[in-house]
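Enquirer: Listed below, chain by chain, are the residues.
Number of protein chains: 2
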Amino acid sequence: MIRPAELIQRKRDGEELSDDELAELILGYARGEVPDYQMAAFCMAVFFRGLSERETYVLTDAMIRSGETIDLGARLGRKVVDKHSTGGVGDKTSLSVAPIVAACGVPLGKMSGRGLGHTGGTLDKLESIPGYRTELTLDEFVAQVRDVGVAIIGQTGDLVPADKRLYALRDVTATVDQPSLIAASIMSKKIAGGAQAIVLDVKVGDGAFMKTLEGARELAETMISLGRQAGREVVCLLTDMDQPLGAAVGNALEVREALDTVRGHGPSDFTEVVLDACGKLLALSDLGIDEEEGRRRAERAVADGSAEFVWRRWIEAQGGTSDESALPVAPVIRAVVAPKAGYVRELGAIRIGNAAVHLGAGRRTKEDAVDHAVGIVCRAKRGTRVDAGDELAVVHARTEAQADEAVRDVLAAYELAPEPPEERPVLLEVVG
Amino acid sequence: MIRPAELIQRKRDGEELSDDELAELILGYARGEVPDYQMAAFCMAVFFRGLSERETYVLTDAMIRSGETIDLGARLGRKVVDKHSTGGVGDKTSLSVAPIVAACGVPLGKMSGRGLGHTGGTLDKLESIPGYRTELTLDEFVAQVRDVGVAIIGQTGDLVPADKRLYALRDVTATVDQPSLIAASIMSKKIAGGAQAIVLDVKVGDGAFMKTLEGARELAETMISLGRQAGREVVCLLTDMDQPLGAAVGNALEVREALDTVRGHGPSDFTEVVLDACGKLLALSDLGIDEEEGRRRAERAVADGSAEFVWRRWIEAQGGTSDESALPVAPVIRAVVAPKAGYVRELGAIRIGNAAVHLGAGRRTKEDAVDHAVGIVCRAKRGTRVDAGDELAVVHARTEAQADEAVRDVLAAYELAPEPPEERPVLLEVVG
Chain C
1 MIRPAELIQR
11 KRDGEELSDD
21 ELAELILGYA
31 RGEVPDYQMA
41 AFCMAVFFRG
51 LSERETYVLT
61 DAMIRSGETI
71 DLGARLGRKV
81 VDKHSTGGVG
91 DKTSLSVAPI
101 VAACGVPLGK
111 MSGRGLGHTG
121 GTLDKLESIP
131 GYRTELTLDE
141 FVAQVRDVGV
151 AIIGQTGDLV
161 PADKRLYALR
171 DVTATVDQPS
181 LIAASIMSKK
191 IAGGAQAIVL
201 DVKVGDGAFM
211 KTLEGARELA
221 ETMISLGRQA
231 GREVVCLLTD
241 MDQPLGAAVG
251 NALEVREALD
261 TVRGHGPSDF
271 TEVVLDACGK
281 LLALSDLGID
291 EEEGRRRAER
301 AVADGSAEFV
311 WRRWIEAQGG
321 TSDESALPVA
331 PVIRAVVAPK
341 AGYVRELGAI
351 RIGNAAVHLG
361 AGRRTKEDAV
371 DHAVGIVCRA
381 KRGTRVDAGD
391 ELAVVHARTE
401 AQADEAVRDV
411 LAAYELAPEP
421 PEERPVLLEV
431 VG
Chain D
1 MIRPAELIQR
11 KRDGEELSDD
21 ELAELILGYA
31 RGEVPDYQMA
41 AFCMAVFFRG
51 LSERETYVLT
61 DAMIRSGETI
71 DLGARLGRKV
81 VDKHSTGGVG
91 DKTSLSVAPI
101 VAACGVPLGK
111 MSGRGLGHTG
121 GTLDKLESIP
131 GYRTELTLDE
141 FVAQVRDVGV
151 AIIGQTGDLV
161 PADKRLYALR
171 DVTATVDQPS
181 LIAASIMSKK
191 IAGGAQAIVL
201 DVKVGDGAFM
211 KTLEGARELA
221 ETMISLGRQA
231 GREVVCLLTD
241 MDQPLGAAVG
251 NALEVREALD
261 TVRGHGPSDF
271 TEVVLDACGK
281 LLALSDLGID
291 EEEGRRRAER
301 AVADGSAEFV
311 WRRWIEAQGG
321 TSDESALPVA
331 PVIRAVVAPK
341 AGYVRELGAI
351 RIGNAAVHLG
361 AGRRTKEDAV
371 DHAVGIVCRA
381 KRGTRVDAGD
391 ELAVVHARTE
401 AQADEAVRDV
411 LAAYELAPEP
421 PEERPVLLEV
431 VG
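Sequences listed follow chains C and D, in order. Just so you know, we're using our numbering here: the first sequence kicks off at 1 and counts up by one. Just so you know, we're using our numbering here: the second sequence kicks off at 1 and counts up by one.
No lab work stands behind these hints, which were simulated from the structure alone. Not one of these hints is a red herring.
Just so you know, same-sequence chains aren't split out, so a pair can sit in one copy or run between any two.
In silico SDA-like cross-links for lysine to any residue, where the CA-CA straight-line distance does not exceed 25 Å:
#1 79 - 313
#2 211 - 49
#3 381 - 256
#4 211 - 6
#5 211 - 10
Could you build the full structure based on these sequences and the hints that come with them?
Expert: And the structure:
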């Protein structure tokens, strides 16, 4: 029998745990035999000491073994691709990517999470659509992926229950942003969910868990290695999260922007990330095409309206209304104007993310309700030239007082300078 | 309202918390509003980041404010002195010191703890005496200190409940051995218990929480500073814990040795620590004498039998039998003999402590029962010259199998060398 206190102490002192010890700790936790307080201390020790490559693999494997796994490929009779983002501000990529690749003939069934902290969650965004059901049975999910090409639902409880419990614990004990724990959490879910090829979008910058390119690279390499050990193909995009992605931050606002992008009218940085991800996914699929051809087909699906057609079928199949005018609208709309002329030198993603949380677009605790209507639309992004009085952003708020506060917060996120900043592409690097 | 996850994160990232933040965290924990898992993560973050002098003071103060305090001095009409050890192997100092100083006219009422890990607890030792009651009401406690001069009981639940809860948590989350947390735990109890002058015995070495003299000095200085800020006089002895203190390790065995020492027949190293502590306590008392005179009086109380007389009155007042032959005796007694001639160069305290725990003398978990009869008597200490076949130690065990294992463990704790080791005094330093 393992003694959790002893394992915590050895990890705390920088030792590597044996496979059996670590697996028993995680499976014991999933069974409820190891209490939350010991796992919290263990995660904090891991935060300071890290996990070896081997330990990270064993952790991932134990999380997968804690629950059911789905062989989605066998059930669909197709090679299954999936994408996942490590989370950022304004990141609605999955919403646009799924219908575009489906329109190109590659089905995409995703299990997604809710937003926590300053980053939004795909499920919260989708729930701003009146009627949208995030809970389908596994059979409904598989049938919809087969018939419509797209389904996005919440994680089912039978899949990776150890991660479900561990993630909730890490969230309230300041142990989320540790590369091995992040990698194991993401990859255990993707592997257990049956994806055979995975495109990962690792966000880098002040609005992401990974603040530096080095840290993001390390995380990417860890996830690629975990995927390969499980026989999965993995590609990682490292993308900029120093400023929000696209313009919209906030649930219904982001759904609108995702749909605009599916129609070809999205913000350029966001469109770039979406088409990149689509190209990579199609190249990994069973279509037998390369990335360039994948990207061309994605652009065509956007241009010819087939992607928008799949969007509508998907939303309606999950009970939602595809009529955009049914999306909730905030009662107070306020412009944020430039106090002086200049170039936008910085647009702090974490400040915008936090301002959106204060407006009610995100959760401070797991019990908080989300206000789907509110948020911020950043019209001016890094490099934009503005005159004094020009609109920088628009705040969508529930009350006048919250609007006032958000206007101040948003202004503080913008840094204007006389010279344009160095150009920084949204796609920083590809790993794997 | 404080957000514990945010405070954990800031401590994790090396920030200093404000007085209000830290106090609310501790008081919230004592009230049951902050859950164990958040406090466990916080303690592990403190393990890596430490607490500032100010934070340590605020923590101590909050723990005191979490419960009742006793003005023992006012209730006795005397200046109250107390002693405390940070814990080691074979440390039965309080058992001998209390009746000796009481015989010199200075009452000593102590609230003590139970043993955990490889270190024994005063209460467990006393409970090896048939009939001894460790739970007295506060009124009974005060009356006995007044009438008999000595009372040693368990911590009452009304005193420093935050520490009670926190200590139990730290014990199972590998966060015990952190200087600020140790200092706050000890000093909050001493201050809340009403001691006006305190002699602290900080153990240093492989069998102690503090492995190095530097660490012990830092802990001593922290505790002295905490005491002074609360208006208490504090003196710290730093004493050796590289080898067990005295010869006996195990509850009833240690009670016998403590009584032998009160009668003047104790091991020399242990007698030295006891008389040092007595001299310091008497010098801090309201007798108005210096340390040298205090030590002389302590020696006299031992020599003239008055200390033994107080011992018997004390044990009987608390319901115990003062007849030593009533102490439990282990059924299997086995000698450990020297495999070769030489000098004892090392006698590893932690190995002896763990061997005693394996015999059943200590607890592995809080729920374990203690076997009061078993233990180890180390006849040969560091520097002793032995011939092959000479007795090094005696194992007192419950079963033959446990005796076999303990003999092996004890042998492994002894290191014999052809040359005598450098002499090392048991009293290493005095601080304060």
